[in-house]
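Position in the sequence shown counted from 1, then plus 18, gives you the working numbering.
These aren't lab readings, by the way, just hints derived from the structure by calculation. Yeah, the Cβ is synthetic: ideal placement off N, Cα and C, and Gly gets one too. All clues given are correct.
Cut-off 27 Å, straight-line C-alpha distance, at most; resulting in silico cross-link-like pairs (DSS-like, lysine-lysine): (1) K169 - K50; (2) K55 - K158; (3) K50 - K88; (4) K88 - K73; (5) K158 - K50; (6) K145 - K55; (7) K39 - K55; (8) K55 - K40; (9) K88 - K145; (10) K55 - K88; (11) K158 - K40; (12) K169 - K39; (13) K50 - K40; (14) K173 - K158; (15) K158 - K169; (16) K73 - K145; (17) K40 - K169; (18) K40 - K173; (19) K50 - K145; (20) K55 - K73; (21) K39 - K50; (22) K39 - K158; (23) K173 - K39.
Simulated DEER-style distance windows between Cβ atoms: (24) A113 - K55: 16 to 22 Å; (25) F115 - A81: 29 to 35 Å; (26) D106 - S164: 15 to 21 Å; (27) A161 - G109: 14 to 20 Å; (28) A136 - F51: 18 to 24 Å; (29) S140 - A81: 24 to 30 Å; (30) F115 - L174: 29 to 35 Å; (31) K173 - E144: 42 to 48 Å; (32) D64 - I171: 32 to 38 Å; (33) S164 - R67: 30 to 36 Å; (34) A54 - R84: 14 to 20 Å; (35) A81 - K145: 19 to 25 Å.
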Amino acid sequence: MKDVDKIWSAFSGLRSALLDKKALAQIGAFIKFRIAKRTAAGVDVDGYRFVPYTKRYAMFRYAHGRPINKVNLFFTGGMMAALDYTVDPDGRSAAVFFRPSPSFPLPGRSKGRAITNAEKASFLQEKREFFGMSAEDREKAVAIYSAAIQKAIDKLGK
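Using the sequences and the hints, build the whole thing.
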């Protein structure tokens, strides 16, 4: 019976390792950072430069003192400031998302329905895929989680 208790204890420890909230938080923070870094550099998920702004939008940006020579999706900074991550309370997943934010009018439009940062991000994603994980991001996320699992397995063996 003592051996069964030892095995059960080992499996319980392994279960805890597989639901590692700390590792998931590291992954969430890493993916948030990568999205922000790529976007600021004007590069999409696959490493390609963003499609240039339309002439009309470039003129609008220029008229408002915003740069037009580098497409980086920043206008006020509000959308990227709303980028965040969370870990499921059960420790089963992490999610990167745009925090709820007040609605604001689309640039250049004083009439019509205002949009949230999440809606703006969704609209921008259609033309420039900035929100997501690259193959390199996925490899790093797996490496972070694998290291956490290995650490837990090593602990169990002691």
